[in-house]
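Novice: Construct the complete structure from the given sequences, taking the supplied hints into account.
Number of protein chains: 2
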Amino acid sequence: MSTTAPLVTAALLVIGDEILSGRTKDKNIGYIAAYLTDLGIDVREVRVVPDDEREIIEAVNALRARYTYLFTTGGIGPTHDDITADCIAKAFGVPIDVDPRAVTMMRERYKPEDLNAARLRMARIPQGAELIENPISRAPGFRIGNVIVMAGVPAIMQAMLDSVVPSLETGARMIVETIEAGHVPEGLYAQGLGQIAQAHPGVTIGSYPAFSITGFDNQIVVRGKEASAVAQAAAAVRDLVVQLKAGQGRA
Amino acid sequence: MSTTAPLVTAALLVIGDEILSGRTKDKNIGYIAAYLTDLGIDVREVRVVPDDEREIIEAVNALRARYTYLFTTGGIGPTHDDITADCIAKAFGVPIDVDPRAVTMMRERYKPEDLNAARLRMARIPQGAELIENPISRAPGFRIGNVIVMAGVPAIMQAMLDSVVPSLETGARMIVETIEAGHVPEGLYAQGLGQIAQAHPGVTIGSYPAFSITGFDNQIVVRGKEASAVAQAAAAVRDLVVQLKAGQGRA
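Chains as they are written, first to last, in numbering that gives the first Met the number 0: chain E, 0 to 250; chain P, 0 to 250.
Keep in mind that a hint or two might mislead.
Since the list gives no way to pick one copy over another, a pair counts as held whenever it fits inside one copy or between any two copies.
[Unchecked claim] For lysine-lysine, the following DSBU-like pairs were computed, each having C-alpha atoms within a straight-line distance of at most 30 Å:
{"no.": "1", "residue 1": "K244", "residue 2": "K110"}
{"no.": "2", "residue 1": "K224", "residue 2": "K24"}
{"no.": "3", "residue 1": "K244", "residue 2": "K24"}
{"no.": "4", "residue 1": "K26", "residue 2": "K224"}
{"no.": "5", "residue 1": "K244", "residue 2": "K89"}
{"no.": "6", "residue 1": "K224", "residue 2": "K244"}
{"no.": "7", "residue 1": "K89", "residue 2": "K26"}
{"no.": "8", "residue 1": "K24", "residue 2": "K89"}
{"no.": "9", "residue 1": "K24", "residue 2": "K110"}
Just so you know, these hints were derived from the structure itself, not from any lab.
Specialist: Now the structure itself:
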C-alpha cells in the first residue's frame, strides 16, 4: 500500500543575515524537518541565504523548480530588511501590493490608526497567493504556487505550518527503526553494516556516533517506506550488534 | 585601516540525512557562523544536503567557486554512509586513497590490529589535501584547495576548526552594535529605521523581533566594517528608540 503513495519532496529556505552571522541560532530547520518528515514529506535540501534580493530570488527559483514544495522562513516583518514577499513576487514575475484580505486579518489586532505604512508592508502579498493565517500576531504568511512563505519567529512559523499543512499533498510516511549500538564503536560494526546496507537496497541505513561521559553512545537508524523492508534490515542490524556486544563482553 | 582589509567570504555545507529528517538537530551552523564572523570571514550561504553523491558534488562545486572558503561538516566516519571524502575527490577530479600521514595519526589511538578496513576508510584522503588534526578521535579532517572538510560530531568539528583557522586568510572584523528596542513594536520604529538605513548605506541594519512573557523584546542590530559608520548609524537608531520609548511613556 505504502509503495503506491506519491513521493512528495520539499526544500527549506531560511532567509536572514542574523543566522549567517551567528547572532540568532536557527530553531526552525530541525522543527520543520521533523514535522514534514512525519507527514511523509521528504526534506531534501535546506539553504540559508542573506537578506539580499538577488540571492533570495536565485534560491527560490532553483528550489521551487526542483522539489514538490519550497518552504521559506524569515523576512516578512514590517522593517526595511524584510524583503521576502517582494523577492517572491519577482521570482514568480507577478505584481505585489497591499492585499485587502491581509488588512482584514491585521485589523483583528491593530486599530485603524495603528495600521501605519510600515505595518501595511506586512499586508503586501504577491498576486495570486493564498494567505496563511497567523493566530499569534495576525500578519499572514502566504502560499503561491508550490512556495509557502512563513515568518522567522519560531512560535509564529509553527502556527503557520499548522495552518498550511492540511492543504498539502503528503506521501508515504517514512518508517524508522533505531538500534542502540551503545558502546560498540563504529569502526567495529562498519563492515558488517555496509554489507547489510548492500543487501537491503530498499532502505537507507545511517550510523550516528555520539560521545557521552561514559564513552561511545552510537545509534544505527534504518529508514524506508516499506514496513517489511525496514523490519528485515533492522533485524539484521540488531543481530550484528548483539553479536558484537557479546564479543566485547568476552574481550 | 579596516576598509583596506580584503573581503573574505565562506559557505558552509552540512552533509547528512539525519539533519534533513529532523532526527539530529544541527548544532554546527550557529557555532561556525559565529566563529567565522568573529574572525572577519563573512558566511554568505549555508546548505544542507543528504548523503547522496550527486547532491554533494554539485553543492561542493557550486559553493567552492563562489566563496573564498567552503567548510563542510559530516560524512567522514568509517561507515558506508560516510561518502564525503570520496565526493570531494570527485568534485576536484583527483584520486583518493589511504593516506600514510592519516594512518600515522590514527595509530596514536588504534592498535595496528584494530585498524581494520572500515577504520582505514577514515584515512582515505584526496590527493593533494592537507590534513587537519583531530585531537579527540584522531581520524583527521582535510583541506583541499579552498575546501575544508570536517567531522559532523560537534566536539570534533570544533577542535578541527581550531586547528585549521590559523592557516586561513581573514578579513576585516564585523563591528556590531545592538540597540535594545525592548517593548517598542517593530511597526512603530520601522519607518524611522528605514530612513536611517537609507541614510547610512555603509552599514546593514537588522531588526530582530522576539516575544517574551512580558510582550515584545525587540533588538536592532547595526553591522559594518567601519567603526565610525557603525557608531554614527547606531547613534541615530538609539535616538529613534529613546524618542519612541518616551512617546510610549506618555501614551
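Novice: Each of the hints needs a verdict: does it hold here or not?
Specialist: So, going through the hints one by one against the coordinates:
In this assembly of identical chains, K244 and K110 lie within 30 Å of each other by CA distance solely across copies; the values are 20 Å between and 67 Å within a copy. Taking the closest pair of Cα atoms, K224 and K24 come within 30 Å of each other only across two copies (22 Å); inside a single copy the shortest separation is 32 Å, beyond that limit. In this homomeric assembly, K244 and K24 come within 30 Å of each other (Cα to Cα) only across copies, at 28 Å, whereas the closest approach inside a single copy is 38 Å. In the homo-oligomer, the alpha carbons of K26 and K224 lie at most 30 Å apart both inside one protomer (27 Å) and across protomers (28 Å), since each shortest distance falls under that limit.
When the C-alpha separation of K244 and K89 is checked against a cutoff of 30 Å, the pair qualifies neither within a copy, at 58 Å, nor between copies, at 37 Å. With identical chains, the CA atoms of K224 and K244 are at most 30 Å apart within one copy only, with a shortest distance of 29 Å there and 56 Å across copies. In this assembly of identical chains, the alpha carbons of K89 and K26 lie at most 30 Å apart only when taken from the same copy (28 Å versus 33 Å across copies). Within a single copy, K24 and K89 get their C-alpha atoms as close as 28 Å, which meets the 30 Å cut-off; across copies the closest is 33 Å, which misses it.
Taking the shortest Cα distances, K24 and K110 never come within 30 Å of each other, neither inside one copy (34 Å) nor across copies (40 Å).
The structure does not agree with the numbered hints 5, 9 stated previously, though it agrees with the rest.
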